[in-house]
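Asks: Generate coordinates for the entire structure from the input sequences, incorporating the hints supplied.
First to last, the protein sequences are chains A and G. Going by the numbering used here, the first sequence opens with residue 1, and the numbers climb by one from there. Going by the numbering used here, the second sequence opens with residue 1, and the numbers climb by one from there.
Because the hints were derived from the structure by calculation, they are not lab data. Careful, some of the hints might be misleading.
What the hints assert, rightly or not - So the derived list for chain G, only partly shown, Cβ under 8 Å to chain A, looks like this: (1) Pro-5; (2) Leu-15; (3) Ser-23; (4) Glu-26; (5) Asn-54; (6) Leu-58; (7) Gly-62; (8) Ser-65; (9) Ser-66; (10) Gly-190; (11) Ala-307.
Stated by the list, open to error - Pairs of lysine-lysine, DSS-like flavour, derived with a Cα cap of 25 Å: (12) Lys-100/G <-> Lys-100/A; (13) Lys-99/A <-> Lys-100/G; (14) Lys-79/G <-> Lys-100/A.
Think of the CB as a built atom: it goes at the ideal place given N, C-alpha and C, for glycine as much as any other residue.
Number of protein chains: 2
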Amino acid sequence: MLPQPVLEQAQREMLNWQGTGMSVMEMSHRGAEFMSIAARAEEDLRDIMGIPPNYKVLFLQGGASSQFAMVPMNLLRGKCTADYVETGDWSSKAIQEAKKYCNVNVVTSTKISRYTSVPAFTSWNCNPNAAYLHYAPNETIRGVEFPFVPEIGEVPLVADMSSGILSRPVNVNQFGLIYAGAQKNIGPAGLVVVIVRDDLLGNTASGTPALYDYQVLADHHSMYNTPPTYAWYLSGLVFQWIKQQGGVASLATANVRKARKLYATIDASQGFYQNPVDPQYRSRMNVPFMLADRRHENLFLAEALEAGLTNLKGHRFLGGMRASIYNAMPEAGVDALVSFMQGFIQRHG
Amino acid sequence: MLPQPVLEQAQREMLNWQGTGMSVMEMSHRGAEFMSIAARAEEDLRDIMGIPPNYKVLFLQGGASSQFAMVPMNLLRGKCTADYVETGDWSSKAIQEAKKYCNVNVVTSTKISRYTSVPAFTSWNCNPNAAYLHYAPNETIRGVEFPFVPEIGEVPLVADMSSGILSRPVNVNQFGLIYAGAQKNIGPAGLVVVIVRDDLLGNTASGTPALYDYQVLADHHSMYNTPPTYAWYLSGLVFQWIKQQGGVASLATANVRKARKLYATIDASQGFYQNPVDPQYRSRMNVPFMLADRRHENLFLAEALEAGLTNLKGHRFLGGMRASIYNAMPEAGVDALVSFMQGFIQRHG
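Replies: Structure, rendered in structure tokens:
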């Protein structure tokens, strides 16, 4: 979901960006027009996230999944082991991919309990010689979120923030590298944003494709080859919209309110709706839920669609329903869902 | 440049695709709506190019440059050498990248003569044991184009068709693999289309990132991770537009006419405009030209811009001017440029 004002601006500018007579899609990525769009987007992102100058910001193709390989290819820096936290399907995929490149030390895993919580940091089996520690602060499929940032000393912390970025303030200084697929809180699919501390660059493994080499990409300001210009432009519009909303802190307040309303509805349903995640680790972005009577789920989805509530089908790994309540989802949208869910109990409970 | 009717349709559908109330950018890539868009685009491309059923069609992120690594990572299949033809800056970049993965046998090179022709096929030093032969049928920067398809027997032929695809009919059966960055004749930047013969899949080198493994991507119908949905959708609109234009054969006729007009203007200018490429290898897509008096070039670009003629600046490797006359450039646009070029001689010649 993208903010309505962003889509409207993109629509207005589709054939004629700011009087140039050109669509952004038709601009040369090295022309003055696109360079200004690109620079403004980076500046705004630095501003709203408070990204320090010793971090590079890259706008790349490939999606977050590309980072599952790029992180080890670039950050092992001669070491042969890396720490991984396994709290959901995405961090699990990151682990599978990293195994191609190094020994993966899984410091903790909730796989056996079907990814419904986050083990206490004190129980993690960290390796002080690991090249880095990788985790996913928000797992979209099961809806699990870390309420804390691991403090692991000198070992660089790497976070897959695909679904949590820009949903609450973060202290970038706590991270060695942050990456995020754009299609949740940033913009359209086809773009991944990487924020990486300077000193971690320049030790890419040999045999790494040029487009997987952070140093090469940073040297070329994300323009080693033609970047995904339109997705970059739309992301820039989203950053401007976030500033107009009062920044990330103000979105965070709204996000907490939106999530609380949904979980309260689930918890008040006397088991009609179910979410198995330990309440203190429930995601503010993705709220998966099942019906106690799973035969009702198709009916729920069909009636929801009729009521104008779309994209509620759960991930194919899990089934059930999932409400994605990213920044662009207005509180009124959550209210409509809550009221539909309550009505559904009355009709079918 | 994208066809005007395509941009207009995208604009109309920006906030509401076919009555769904959703932007294409907001669709789940696994939902019925996007799946139908994706399938239709592939079908239309198969139709207009005549792609046989034993070829996979992939819609991927990363741009054509990603293929410079993906081709050797996937097609070496245990061999240690590959043949490359060097006829311009792009094939040269492909060679540099391939050297990370194998012995590159440059079968012929025009580097020393600054990429202004194509050596006769009989002079090429091909290796019958090469894993494949790679070439770029059209080189965008210097404007060099192959008037023939190399016939190399059993060795799979790999073509970087980024700037020539859909500009003239090709016999896909002559190729093992064709790839093309979308931003010339297909759609917006951020998408690369790969057409690969079935039997070449399944021998990917170990250590290859999942997103660089054709087999993995083919198994998941280009949806191993979230694909660049909006670029895929726009490409589909372009394919529909091509069918409305009477297909590739009819575009090819127009492209020849457009190119002839420009080269005729250059050749009739008594050296005022210059294009150094051997006439039989001149590109129908990219027409680079210099002014004999290079001090006039900035003036040329400034006056052209005033006359509404944009994107004429030559590639930064080469300077001068470059007219890109892809499918979406209407003949009237070429006529306007020709008339401007003739007027410029009168004013400043």
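Asks: For every hint, state whether the structure bears it out.
Replies: Now for the hints, and whether the structure bears them out:
no.	hint	in the structure
1	Pro-5	violated, 11 Å
2	Leu-15	holds, 5 Å
3	Ser-23	holds, 6 Å
4	Glu-26	holds, 5 Å
5	Asn-54	violated, 27 Å
6	Leu-58	violated, 14 Å
7	Gly-62	holds, 5 Å
8	Ser-65	holds, 4 Å
9	Ser-66	holds, 5 Å
10	Gly-190	holds, 3 Å
11	Ala-307	violated, 12 Å
12	Lys-100/G <-> Lys-100/A	holds, 18 Å
13	Lys-99/A <-> Lys-100/G	holds, 21 Å
14	Lys-79/G <-> Lys-100/A	holds, 21 Å
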